[in-house]
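J.: This is what each chain is made of:
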Amino acid sequence: MSLAGIWVILIPLICGLAAFAVGGRSARVIGLIGAGLTFLLSGLLVLHVWQSGVWIYQLGGWDVPLGISLRADGLSAFLIGMTGAVGLGISLYAVRYFEDEDEALTPDPSPDPSAPLRTGAGRGGTEVWLPGTSYWPLWMLLWASLNVLFLSNDIFNLYVGLELLTLASVALIILQREQAAIVAGLRYLLAAFLGSMAYLLGVALIYADAGVLDLGLLADAELTGTATQVAGGLMAVGLLLKAALFPLHFWLPAAHSSAPAPVSAALSALVVKGAFYLLIRLWFEVFESAGTVSVEQMIGALGAVAIVVGSFQAIRQARLKLMIAYSTVAQVGYLFIMIPLAGSFGDPEASWRFEAWTGGLYHALSHGFAKASMFLAAGVLLSALGHDRVWHLAGSASRFPVIYLSFGIAGMSLMGLPPSAGFVGKWLMLRSAVESGQWWWVVILLVGGLLTAGYVAIVLSQAIQHDVEEHTEPHPVPKLMTVMVFALAAMSLLLGLRAAEPLELLEIGAPFQTLMSMVED
Amino acid sequence: MENRDPIPDSGPIVRVLSIILGLALFGILATAVLELDVEATGLTDTVMERIGESGVDHPPTAVLLNFRAYDTWLEVAVLLLAAWGALVLRQATRLPEQPAARSPGPVLDWLVRMLIPLAIVTGVYLLWRGTDAPGGAFQAGGVIGAALLLLRLSGYRSIGLFSAAWLRGSLLAGFAGFMAIATLLFITGWTFLEYPPAWAGLIIVIVELLITWSVAVSFVALFVAARPDDSASGPVGGER
Amino acid sequence: MSEFLIYALVAAALFAICLHGIITRRHILRKILALNMMGSAVFLLLITIAERNQVDGVADPVPHAMVLTGIVVAVSATAFALALARRYHAQTGHTELHDEDGST
Amino acid sequence: MDWGFWLPQIMLFSSLIPALVIFLLRDEQFWLRTSLNLGGSAVKLVLAGIMAWGVLAEGRTYEASLPFLHNQELVLRVEPLSLMLVGLSSVLWFITTIYAIGYLENSPNRTRFFGFFSLCVTATIGIALAGNLITFLIFYEMLSVVTYPLVVHRGTPAALAAGRTYLLYTLGGGVLLLLGIIWLQVLAGPVSFEPGGTIDFLLDDHRTELTVIFGLLIAGLGVKAAIVPLHRWLPEAMIAPAPVSALLHAVAVVKAGAYGIVRVVYDVYGLELSNQLNVLLPLALFAGFTIIYGSVRALGEFDLKRRLAYSTVSQVSYIALGTALLGPAATVGATVHLIHQGIMKITLFFCAGVFAEARHIHDIREMSGVGRSMPLTMSAFTLGAFGMIGVPPLAGFVSKWYLGIGSLESNAPWVIVILVASSVMNAAYFLPIVYKGWFGEPHEEIDVVEAERFQVAEAPWSLLGPALATAGISLLAGLLAAWAYSPLSLAEIVANQRMISP
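Residue numbers (this note's numbering), protein chains in the order written: chain A, 1 to 521; chain B, 522 to 761; chain C, 762 to 865; chain D, 866 to 1367.
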């Protein structure tokens, strides 16, 4: 079990490569096996960290600073667990989603029944890549790269992990080769490339200053010089670009909305969290001593603007997937409110810092499940109705009750209404804001919830509206897809009913260890 | 890509703002750089102390393929992903052959015949030298990839000969081979990405060979895959 | 001024110039080139650091390895971006990024 | 098995599980859905009875704490006050379910309706059982969310507009409540409901904060309790189907608000602290104003359900008013009105639904002579209306009596004026309906033969039965007020608990 941390990277890679190598229909089977195994291994890793505390592994047997170490603390385990669960849900959904898709794209049945058409192989020597076939290997690699990111403890290795994540994401966005997706993918790639370069320059400066790359050693070094501050700024900007914090979010809506539904779900629910994770890890472990309150407040202010602008944009959108994508812009804003709250405002020893930190991460967790469910729900509607225009959804609630129920539950979680995981996150962040006397964040957190209610209610009320037009019969949607939409939404709800254990997990190896004893009430 | 419909670059305001931003960035970076120590040793000593255990003599190679092999392994995955992403752009799984419109002509033909063997020899040499001097898999892969491209561009058959399985296999070889070795050792009780000291040199050579081949093919695949002229199939999948 | 600082400042300047290029140039190819050059700026800085860190004539191999890895990563991303750009150009005839709303 | 721990949870699950299963059913699966509904509500009723027996006769406590956050627990606790709301909603859920089954037969989206309906009951029970502020908040917000689909159930533009208003008000109120609770908890740590309150120790250092927090809490709760000026959603929400108006807007939602006010005043702040902060007079004034305002508006409405809605606005504030007076008798009056108002108002809404269904009567001017053809329905309506006016020996009289005594005890004679004025206006807007219904000339309908107009043609029993049942209960609640298990006795226990405590 102590080696789950290695396997959680290896298994999706092995399965991804196998799926790539065999191609065709078996890719799906291999991908599904990979998803199941990775999910189990993620669970094992969480369990291991839960039971034995922080897990550290020296790759190749070379000690730091010579080698690279992997490290799983509560935060890593928390996010790997989330990725595992959301990833499994998305995978099960994708099985049927791409099955449909591939069926539609497979050329007419060959007169020769023995020709292995469904393997995507050959008529007249031209084999065809079906989106479903390419999906599995790329998705497995994306999953693996997330785990790489969450486990790596070396700032240069993290750069490689980030690039892996970006390239896998872009390749998945363009899966269907549509023009909109290609533009979106290209813009995403360029933005992420720029972010990587800024990050890499930061890495170079840090290495020049400290002479090590290991996060743990850097944290111990307590760097404070100008070079560290500049490096921190560069890395932060680079990661903010990848995490799409306003105003660096320009690439996100198109990229997240033009991808196939399972990909959109993974991008919004998981990939954005990768950059966010890295940022808070660096911020609170390495740049803690170099950071300043004003910078933290500024990042929080950007988050606040993101909440307002993103929500208003979401309300304005005519297409459901774009609305959900803008909602991600807004929700990312929430995540970054955590930085000033958990930052060094006021008393650096105060208990509210830990509350804000856990609150922000719980919000990330709830958003992971809720947003995945929303995008998958949009995917179901899109496949069934052939469009996702919000103003033409009238009456569809009675035809897709479970989809809209899930959408509503997920929306509740995004709004931070109890009982949902979003509520737990919001509660903790609000508490922290009130406790530290940062009332401006209280206002934005509360207003943000109401704005979220705005766009969720638009969709639901449209759907519930009495159907006046005649509609063509919707294209049937496989049940498994609906079930997964619901399962993910339900998870975002259930995690709000009992948050004690996940929150305790976050305490393991947290950067606020000294504060642990102080959280009394 | 010709600029068919030239759009002027950003207007004066953006330019001025951008220059100010650039200057500010330079100023900030310069401050940071000026504050750096002019004398330091970084990890040089640490590496040199242990290089004897790495199986190679050239320090960067030791770092790349042993001490920080994890980076290198993942970097091969990045290359694989890029090539793969480019392949996703095409509907057909095989890469097209260069349209045999032009005949190479006697000079080009002679040059290609001379250069290809030379390139291959150079590639192998670079790979070999990598263990104790600058060089290694990527340089070698680059040269061999260039040779393949040269073949292709001068009208010979090259990567288009590969069947879909061969193509995929070649792209995968470096990453998968590296992974297979590491995984096998890992299962048999070694630390992940640790080589048995006696075998370290051999393993590194094998891994480098595989990576060389993958790099060469990936470069050519990336070059060929996005050919606009066979994209007639256009977007698929309806309104998404 | 030491050799180290000269190179490092050149790297800083190059990085800043590339940022300017990315912001002001609309042509995708130029943007990609600027990004690639940006990578070169970082690699230059890393090489400079490696030189600075030398002990007994041996340069610091870790930045060297980082550069080698970084080059491959940058090449991969560049090549992929070029492939996308070619496809985009073939589909639309545009050489700069367009959205429905016309922003670039 | 530790029943004290499990019973409160089973109480929740007895409506939660049917709700979840119902969502999986198809509209056509009538029998399965109906048996789930009735089974769930029967179980709940029995459990409520068991717990009432346990608490009142054997002095047991039922309490379940479940870990929630770091050291914040979810607490479900059964004690006399919670028993009141539990009993009310269990009984009325059972009756309303029967009514709703009859009412919604053959209408579309029944699955959705009954699913959310059961969820609403779950939320209400959760509110009743909540043993601390955070648990209360969770169920309170849950109630806001799950009632929305019921308000917009018909999917017409008017319903959607009402739904928007509803969401705006309830979510806005939720935000205030959330802020108040968080602020209070930051000062005091986790706050649980204890008679007499637990936060006295903050008085010296945090007087202003406590006052502001009180305002936030009451404003948040006041939205659901429809205290003017936060009442506007309630008449709008009358667009919902009759069972929803009946159970949710006469009972669940507004009671959640009123109950919350009782909890905050008695069990969070406590008598002492509330008095010292001088926060109760404003609350009493708001409540008093609401009583008058609601009655005046009711007089001006001719749509039956809207008139009833404004009547609700007015009547629910009796609870807030009694609470704000703080005397023993006023407390009894306030808490007993929690139950009495619910029973009486649901009767009226049932009847309104029956008139709408059977005769398509929505406007009170069309009710002329309806008593002749529907004597039973009209009788039920009359009982409800008389109760509302406060005619002895009906339930409403008991509440008003205690409130009146309470106002004398608390030296607030102006309250008597309000009570009298309100009763006069109650009479003014109910009596004409009753009079017209019984003695008015039936409407001229050309195609109806003279003889037929006087023929008795009641609605089906599934609609009529519930109306009669609740009318009967409201009569019994008044007649048997002295019985040891009557709402009044319960209210006296509740008041004693809160008065004796230091």
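Hints listed in this document are in silico derivations from the structure and should not be mistaken for laboratory results.
All values derive from a computational prediction rather than experimental measurement.
Glycine residues also receive a C-beta, built at the ideal position from the N, C-alpha and C atoms.
Don't take every hint at face value.
Distance windows between CB atoms, simulated [claimed, not checked]: (1) C:E764 / A:E285: 31 to 39 Å; (2) D:R891 / B:S531: 57 to 65 Å; (3) B:S531 / A:W440: 33 to 41 Å; (4) B:V645 / C:T853: 55 to 63 Å; (5) D:T899 / A:M298: 58 to 66 Å; (6) D:G1165 / A:L450: 26 to 34 Å; (7) B:E570 / A:E285: 21 to 29 Å.
J.: State for each hint whether it applies.
T.: Hint check:
1. Separated by about 34 Å at the C-beta atoms, E764 of chain C and E285 of chain A satisfy the suggested range of 31 to 39 Å.
2. Restraint check, R891 of chain D to S531 of chain B: a C-beta distance of roughly 59 Å satisfies the suggested window 57 to 65 Å.
3. For the hinted restraint 33 to 41 Å between S531 of chain B and W440 of chain A, the CB-CB distance of approximately 35 Å keeps it satisfied.
4. Distance hint check: the CB atoms of V645 of chain B and T853 of chain C are about 43 Å apart, inconsistent with the given range 55 to 63 Å.
5. Against the hinted window of 58 to 66 Å, the Cβ-Cβ separation of T899 of chain D and M298 of chain A comes to about 59 Å, which satisfies the hint.
6. Range check, G1165 of chain D to L450 of chain A: Cβ separation about 32 Å, and the 26 to 34 Å hint holds.
7. The supplied range of 21 to 29 Å is met by E570 of chain B and E285 of chain A, whose beta-carbon atoms lie about 27 Å from each other.
Violated hints amount to a single one, hint 4; each of the other numbered hints is respected by the structure.
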